[in-house]
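Q: Here are the chains, one letter per residue:
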Amino acid sequence: MSNSTHVTRRASALGPGLAVLFVALALVAFLSVTQGSRSIGLLEVLHALGSLNSDVSTDSTVTLELRVPRTLLGIVVGAALGVAGAILQGVTRNPLADAGIMGINSGAAVFVVFAVTVLGVRGAGVYVWFAFAGAIAALVLVYAIASLGREGATPVKLALAGAAVTAGLASVTAGIVMTNVDALNELRFWQVGSLAGRYAPILTGVAPFLLLGLVASLGFGRVLNGLALGEDVARGLGQHVTRTRAAAFAVVAVLAGAATAACGPIVFVGLVVPHAARFICGPDYRWILPYSMLLAPIVLLLADVLGRVVAAPDELQVGVVLGVLGAPAFVGIVRYGRLSEV
Amino acid sequence: MSAWRPLLVVAALSVVLAGCGSASTSGTAQTAASAAPSGPWSFTDGSGKTVKADKTPTRIIAHAGEAAALMSFGIKPVGIYADESVTTDLNLKDLDLTGIEILGQEWGKIDVEKAAALRPDLIVGDWWPAEKAHSGFEEGVDEKSKKLAELAPVVGVAQGKSIVDLAEGYESLAKSLGADVAAPAIAANKKRFEDAVAAFKTAVAAKPGLTVAAMSPADDKLYVANPEYAPELLDLQSWGLKVINPDTPDPGFPYWENLSWENADKYQPDLILWDGRNYKPTSNAEWGEKQPTWFKIKAAKAGAVAAWPAYWLHTYGDFATELEKLTEAIKTADPDIGD
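Chains W and Y, in that order, give the protein sequences.
Be aware that the first sequence starts at 26, since it is given in my numbering, and climbs by one per residue.
Be aware that the second sequence starts at 29, since it is given in my numbering, and climbs by one per residue.
Okay, chain W solo, but in the shape it has when bound (with noise of 0.2 Å):
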């Protein structure tokens, strides 16, 4: 009982702390919008956002047709990766789960390959859904190759796929890339995580796949913590162990294969940012999942402001910025968090 005495007391913290990340998430999207790599005034701004007319000035057309949908797309994809990576770490209770390390990235980055060699599809616009499509089906891959066996998708057998599917797809595009300069230079672009030249066609594109992912994915909480308990346990509570764990699947293959697809792979969010969410809402997951949703894009965003303003007029991309913060937020967690306690 006072197990959930405690559980209350944090709850009644833990709802405004809520609100509270959502404001800074607001503030963080104002700053993406005003501030860049090019010097807009903040007038010109807030005139570019009352009139919505991109043809007036250049200043205008940063603002309406890049600024904007670089944030819209920054915020969803943020979200997606820190819930993906979120429900990873709890359905195969792995603390170092995300979606990269299931094969999400190599299956996307295969699929880009092949459309440009094979198909000779060229542009961002159109690769978005081989990458979404290459994502999804390495997960499924994955998924598959786990369940071999009588006992099911247990997490290490999901672990050691994944490190498998990865390595195997990775080898792939390695060799056709190899030969290929005409991959390689696309590939380049789409391999390093970038929120730069994705504009409203991307957005629009994959925002629907999030939202619905995201909405989704709230109702993971309960199971989750379920699961959490040790699978024995979880089944004890009337749970469908299996069928929770594909239709988890199914989400996070949503999630951050649209994600994956739209930016490149984005190392970090999804593994640092639901064990920050962790650190701060304890073990359960129908607190950890809303605050890793706020938590990643105030952190995508913000890694991608700074790449913005402190190389102009050229920009860093948010992969690079988002490596170079990211290692040493995560020995952080190592050193004072709860890094076990997935």
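When the alpha-carbon atoms are kept at most 20 Å apart in a straight line, the in silico EDC-like pairs for lysine to aspartate or glutamate are as follows: (1) Y:294 <-> W:339; (2) Y:353 <-> Y:222; (3) Y:137 <-> W:207; (4) Y:137 <-> Y:112; (5) Y:294 <-> W:90; (6) Y:329 <-> W:90; (7) Y:294 <-> W:80; (8) Y:326 <-> W:90; (9) Y:270 <-> Y:364; (10) Y:160 <-> Y:256; (11) Y:308 <-> Y:352; (12) Y:121 <-> W:207; (13) Y:308 <-> Y:356; (14) Y:308 <-> Y:122; (15) Y:294 <-> W:69; (16) Y:318 <-> W:80; (17) Y:329 <-> W:80; (18) Y:318 <-> W:90; (19) Y:174 <-> Y:111; (20) Y:77 <-> Y:159; (21) Y:326 <-> W:80; (22) Y:308 <-> W:207; (23) Y:294 <-> Y:275; (24) Y:137 <-> Y:171; (25) Y:189 <-> Y:303.
No lab work stands behind these hints, which were simulated from the structure alone.
Starting from the structure of chain W, add chain Y where the hints point.
A: Just chain Y now, with coordinates in the frame of chain W:
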């Protein structure tokens, strides 16, 4: 042991070929000899080193553009290594390559076993002063491919500040190898080039206010070329064309200034020279569609774009052809589009 096997094969092959070669290759040797002085031969390489040989080399293996340069003076190499498919390489795509062994069609990969079978007596590749290496032997090239240098001496003209210097350098290399550069068919190329330069200068002088910028748009950024590292742009500047020097080139890779797409309109030239390696007549419209800020460059919006032969020229003939196209673009350009 297994590592030795390829080497043994090469050794065996070269012995066998050396044995029968004296008989079977005498035909080609003779045709070359009819034009070539028999030696001794020497050439001062781009690195400053003088390479000497008792006999004038006749079995030459050359890198793509360098091969094109030699062929334009009537010196046909026995083997070519290219950085991409010889059907798309801008230097090679219109040349008749029958009878020439293709030793590589990817950067950094040369089939040295095949090269050894050709028994070359000279390897020709541009000298890159910054990298202190010849084309084909730069950092990053397969160690196995670099063994090409063990087959014969390597020479090349220094890449640097001018395509004209480069073309002249290969002219003198070809001459030393026995080319008759005064032969009418060969001299015609140089004449055409000189005429093209004169016409270009006239067109430029007629539009004193015209500025151009050399650009290469990419999905995530817009690259603006730094003429300082683009010999053909320096040539154009020396003939009076105002090619914009970007003010903050990337310190790590000073060939370009990188602009985020937010800053695409930083430079407003009257004419855009578009990286010819990925330029099609439809490119301007496509990029206008794809990048919201591309048409914020007024010249792009007005369709004032022309192909820029970026970093590949080696011959008078190719340069003449490209100059003729640029001259046309300059004649039709409006010097008041940009700022």
